[in-house]
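Assemble the whole structure, with the sequences as input and the hints as a guide.
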Amino acid sequence: MANGVSRILIANDHEIVLRGLRILLEPQIDLEAVAEAHDARTAVEKAVECSPDIAIITYRPPFNGSTLLSELKARLPKLKVIIYTAHGGEDEALEMLRAGANGYVLKSETEQHLLAAIRAVANGGSYVGLRAAGSHLDQVPPHRHARLRSQQGMLTPRQVEVVRLLARGITNPEVAHDLNISIKTVETHRAAIMHKLDLGNTADLVRYAIRNHLIDA
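Under the numbering used here, the letters of the sequence shown match residues 1016 to 1232, in that order.
By construction, these hints were calculated from the structure, which means they are not laboratory data. Just so you know, not all the hints are guaranteed correct.
[As the list claims (entries may be wrong)] Pairwise CB distance ranges, derived in the manner of DEER restraints:
no., residue 1, residue 2, range
1, 1172, 1044, 14 to 24 angstroms
2, 1219, 1102, 16 to 26 angstroms
3, 1198, 1060, 34 to 44 angstroms
4, 1211, 1082, 29 to 39 angstroms
5, 1064, 1037, 13 to 23 angstroms
6, 1030, 1210, 27 to 37 angstroms
Glycine included, each C-beta is placed from N, C-alpha and C at the ideal position.
Take a look at the structure:
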């Protein structure tokens, strides 16, 4: 990141999507599109050439998001990658996060969700779009909902506030600022929350927040 501006590579096989991303990023003073690619090979070449801070790539063919993600991470270990796709859901999001993606957003989300994802990732966080995280909520059995409500009662009011903010993609430093507490305290709350609720990662936290109506899906 140079002078507080995140340099972004956008890669998609549809020109209309690339144009939309250009229009979205152009007025943002902290974000800059520095390269574009219409296919996976060009995406890798442009990434190596430009060394962007963030790459926004699609998941579906002809890109093959998993393979492209692995190659980008192998070539540029510090590169942060956001999957931006029209199709996919919880399973694909978790697969990509496990493979090293820093964010996952569906194209059906609002522009503000994508911008939030970019900024969360730029600040060292991760982001899973709410529709991707909540795509299987209707498959959760009633007893699971009851257990989740019981778990929520285990959290202190402050921890509930922390869950709400973290699930929206806000980074630890931003949570600390919003709640007027130290970053270390945020980290302590986060660790306690993950332990109490038996959650493994940010995607689990987002699903928990949606299922318990702490944030809107």
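request  = Against the structure, test the hints numbered earlier, and report the numbers of the ones violated in rising order.
outcome  = Failing hints, ascending: 1 and 6.
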